[in-house]
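*Asks:* Sequence:
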Amino acid sequence: MSFQPVFVQFWEKVKESIANGTYAKLTLAKTIGDTELKNIYVRPVLLANDVFSLSLSAKYKTEEIESFHTIDEAFLVLTPYLNNPFLTALLFTTENDITFKLNKKRVASIIEQAPTFKHASDVIIEMKAKGII
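Everything in the sequence shown is counted per the working numbering, starting at 24 for the first residue and increasing by one.
No lab work stands behind these hints, which were simulated from the structure alone.
Only true hints are included.
In silico lysine-lysine, BS3-like type, Cα no more than 27 angstroms apart, as pairs:
(1) K141 / K53
(2) K82 / K141
(3) K127 / K61
(4) K38 / K61
(5) K128 / K61
(6) K36 / K124
(7) K84 / K61
(8) K48 / K127
(9) K84 / K124
(10) K48 / K82
(11) K153 / K36
(12) K53 / K36
(13) K153 / K141
(14) K124 / K38
(15) K36 / K82
(16) K48 / K124
(17) K48 / K38
(18) K128 / K36
(19) K82 / K124
(20) K36 / K61
(21) K48 / K84
(22) K151 / K36
(23) K82 / K53
(24) K141 / K38
(25) K128 / K53
(26) K48 / K36
(27) K82 / K61
(28) K61 / K124
(29) K53 / K38
(30) K151 / K48
(31) K141 / K48
(32) K82 / K127
(33) K53 / K127
In this text, all values refer to a predicted model and were calculated from it rather than measured experimentally.
Based on the sequences and whatever the hints tell you, model everything.
*Replies:* See the structure below:
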């Protein structure tokens with residue numbers, strides 16, 4: 024069974040958290056074995072003229088590569104990294120922490136826990152103040 028339908032549900036929670044101003048950060052982590060790519064961090068940014076974008080920072084052993092994408096583009100960019108090399112995606116919001124997880128048999132699940140962060144990301148707070156969200 025494919026994990027993609029569950030990741031689509033997870034991504035809906037990402038979009039909801041941005042829309043309602045509770046998004047703190049998103050991290051792809053827990054690699055399979057020793058890989059060159061260690062983490063991908065997803066942070067909201069405001070580009071010129073207050074254009075909302077997501078910054079994807081891919082942390083490798085020897086370098087970091089940053090790219091900017093719309094919410095829908097980010098989904099397409101991140102999906103191929105699930106299952107190879109990442110087994111988890113962690114969404115931190117002010118309401119709860121939501122974890123997309125692939126187990127050893129590559130069955131996907133979504134787990135919700137108490138929030139780690141008390142405040143949304145600075146960009147989300149700025150967007151609320153400017154009336155963008």
